[in-house]
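Protein chains: 2
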Amino acid sequence: MANKPLKKLLLAPGPTPVSPLALQAMSLPIIHHRSADFKPVLQSVRDGLKWLFQTKNEVIVLTSTGTGGMVSAVNNFFNSGDKVIVIDGGKFGERWTEICQSYGLNADVIKVEWGYTIKIEEVEKRLKADPNIKGVLVQATETSTGVNHDVEKLAKLIKNYENTLFIVDAVSSLVAHDLKTDEWGVDIMVSGSQKGLALPPGLAFIAVSEKAWKKAETSKLPHFYFNLKAELKNIKENQTNFTSPVSLLIGLNEAIKQLKEEGLENVFKRHERLANATRAGIVAMGLKLYAKEMPSNSVTAICAPDGIDGQEIYKILRDKYGITTAGGQGKAKGKIFRIAHLGYADTFDIISGLAAIEMTLKGLGHPITLGKGIAAAEEILMK
Amino acid sequence: MANKPLKKLLLAPGPTPVSPLALQAMSLPIIHHRSADFKPVLQSVRDGLKWLFQTKNEVIVLTSTGTGGMVSAVNNFFNSGDKVIVIDGGKFGERWTEICQSYGLNADVIKVEWGYTIKIEEVEKRLKADPNIKGVLVQATETSTGVNHDVEKLAKLIKNYENTLFIVDAVSSLVAHDLKTDEWGVDIMVSGSQKGLALPPGLAFIAVSEKAWKKAETSKLPHFYFNLKAELKNIKENQTNFTSPVSLLIGLNEAIKQLKEEGLENVFKRHERLANATRAGIVAMGLKLYAKEMPSNSVTAICAPDGIDGQEIYKILRDKYGITTAGGQGKAKGKIFRIAHLGYADTFDIISGLAAIEMTLKGLGHPITLGKGIAAAEEILMK
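Here the protein sequences line up with chains A and B, keeping their order. Per the numbering used here, the first sequence starts with residue 1, numbered consecutively. Per the numbering used here, the second sequence starts with residue 1, numbered consecutively.
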């Protein structure tokens, strides 16, 4: 490689870049998690998470990746043999199934073709057919395909079923999308630190409804580490069950402060604008979006042109241009590559990502007009 | 402004962005400048500066801006009434004249039309006519116009005149251009921290030849703070005359380490590549370069299109797109704007800057084809 990149840019759908102010806050000396210094941080984080999750309930913080949050959403609310519907439109839908099965739940999996969104009627049909369904699990954004499922419509349907909890994996969609936890009636909303919140990996967040807390009373699944009831009791006393991840929470406090300054509506608009520009740029290059409907504002999955391996594009972007995106996962591996516009992301991250894709494809001999994708993105970004 | 930029990008010809590793090094607790901890830092910096300035002589470090370095190059080597030639092709040529005049030197100013480079014959004619000329002062890069003067050719000429010192302001050209201090025979080479070295402002560097040190013996101009002989005596004992700027020197040590890892030839090639791409992009947009000859690899000065104020372009780039470039100085104010490709700069800084210029001009109603400048830059950057 003639020009080894001096600078690197993270455009993966997690981890995403951390803002300089959050990095700076996290680099301060460690304080003790039971100290008076830390109490105001945790109090501020609790208030901030309620604001961000649009809920009046406590949002539980776990020291784990987002998957830990997903696990806690299963092993705190169900029992072995419980029947749940899993909406599976990609790699993370599969993960819901795996988690449910590992705890002995009876997962009724609705397979959604990759690149497509769930048909609400499919869920309704099953709920009507079986009054014993204890939960519906879905991704707000299926990160592997860049497709959203319609959380608002699903919530509207599911709240008619009083025995059924609606559980949403919002790991990669919180901050990018307006998710009205309480207003829509989502029972459990899970997210993580390394996506829209633009922090290092290491924190999971779980907003839990009253209805779900009641169900938690009857759950007998083992959950020593991910014990949400114990966490709730602790957080009401302004502490965490185990050692608090102090640096990450200090960073979270700073990240939420920055989001508040920007304003939640503006944050969503920024993600929409960046996502629109990315999609317009990709289409103008003559490439196809992998999402056939409801594309996410967090991540755009792009079909590799015929005859070009998506992993090869991913590698050139990384090694020649210093830009880390993501390849395809599971059965999409080799067929797609994915670029995020999530978290601490702005105009020129998109311009840079699109320019790198243009140069990469041209370098691979793909017939592409340099600058064409950029022009389409610029039209949107300059507005 | 609909979209307040979340991120900011510094593309000014100084200060330039500081690398994360240098920022990190400078954020460590302060150590004492006479301590054993600091000695190895200063030793390493001394060796590194010799490597960077391509000289076997000590490079003096001053706690000042680059202008302090320029002042020290005058008030340590001359006497009141001394006749010197000043090559003045812009704002910083004017500064040489002002400094010389403030110390009572007799400055014979060769005015070079802004946007053009010095004709060597002009200098030769004057040197031949007057054997009493004590110095020739020039900019390697005239930052206000984006034009280089040919330091190598000037050095070759001037070294035939044993009473004449050749003094080069390399504040904005060191690191971007291959300046062979000893091999070419430059007597005094001045630079600063906030340009190619990609550090905060606050340090000036002066490489001094044997010939110049001899002249320093006879200089009677006042120079209590910028006392280069006292600094030389101290630096040979691995210390500075006054309090060492410890954090900046720790940052400098890290910056030099990074340049060494990249390799000096690669550093120059990177700047050349970024400058070429910038110029190609600007020309493809239908704009004119302000430099009519010998354009600098540090900074590109761009003529504002007819009917558009260069300052207006500068302000939109800053306020709407979060990109700080530079406007015009002195008589070029309003006529030009300037974008740097200097120091810790890479491919997507150029892409970002050019995209912002395209969007700005289109937004001002200038007939521009979006993506055209980017395409021309990409052609060069992907090689």
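If you are wondering where the hints come from, they were derived from the structure by calculation, not from laboratory data. Treat the hints loosely; a few may be bogus.
Unchecked claim - Here's a subset of chain B near chain A, in silico, CB distances under 8 angstroms, partners left out:
| # | residue |
| --- | --- |
| 1 | 235 |
| 2 | 270 |
| 3 | 348 |
| 4 | 358 |
| 5 | 367 |
| 6 | 368 |
Said to hold, decoys possible - Per label pair, the in silico range of CB-to-CB distance:
| # | chain 1 | residue 1 | chain 2 | residue 2 | range |
| --- | --- | --- | --- | --- | --- |
| 7 | A | 331 | B | 20 | 36 to 42 angstroms |
| 8 | B | 369 | A | 47 | 35 to 41 angstroms |
| 9 | B | 180 | A | 311 | 41 to 47 angstroms |
| 10 | B | 130 | A | 27 | 40 to 46 angstroms |
| 11 | B | 286 | A | 365 | 28 to 34 angstroms |
| 12 | A | 163 | B | 21 | 52 to 58 angstroms |
| 13 | B | 263 | A | 268 | 26 to 32 angstroms |
| 14 | A | 24 | B | 180 | 47 to 53 angstroms |
| 15 | A | 331 | B | 369 | 39 to 45 angstroms |
Because the structure is a prediction, the values reported are computed rather than measured. We put the CB at the ideal spot given by N, CA and C, even for glycine.
So the hint says 35 to 41 angstroms: do the beta-carbon atoms of residue 369 of chain B and residue 47 of chain A match that? 49 angstroms, violated
Taking 40 to 46 angstroms as the stated bounds, is the beta-carbon spacing between residue 130 of chain B and residue 27 of chain A within them? Taking Cβ atoms as reference, residue 130 of chain B and residue 27 of chain A lie about 59 angstroms apart, which means the hint is violated.
Interface restraint verdict for residue 235 of chain B against chain A (beta-carbon cut-off 8 angstroms): 30 angstroms, violated
Do the beta carbons of residue 263 of chain B and residue 268 of chain A sit within 26 to 32 angstroms of each other? 45 angstroms, violated
So does residue 180 of chain B sit 41 to 47 angstroms from residue 311 of chain A, Cβ to Cβ? With Cβ atoms ~45 angstroms apart, the hint holds.
At the C-beta level, are residue 163 of chain A and residue 21 of chain B separated by a distance inside 52 to 58 angstroms? 56 angstroms, holds
Interface restraint verdict for residue 367 of chain B against chain A (beta-carbon cut-off 8 angstroms): This hint is violated: residue 367 of chain B lies away from chain A, its Cβ roughly 14 angstroms from the closest one there, beyond 8 angstroms.
Chain A contact restraint on residue 358 of chain B - CB to CB distance below 8 angstroms: 6 angstroms, holds
Using the C-beta atoms of residue 24 of chain A and residue 180 of chain B, is the stated range 47 to 53 angstroms upheld? 40 angstroms, violated
Using 8 angstroms as the Cβ threshold, decide whether residue 368 of chain B counts as touching chain A. 10 angstroms, violated
Between residue 331 of chain A and residue 369 of chain B, is the Cβ distance one that fits in 39 to 45 angstroms? Taking Cβ atoms as reference, residue 331 of chain A and residue 369 of chain B lie about 40 angstroms apart, which means the hint holds.
Consistency of beta-carbon spacing, residue 20 of chain B to residue 331 of chain A, with hint 36 to 42 angstroms: 38 angstroms, holds
Of the numbered hints stated above, those contradicted by the structure are hints 1, 5, 6, 8, 10, 13, 14, listed in ascending order.
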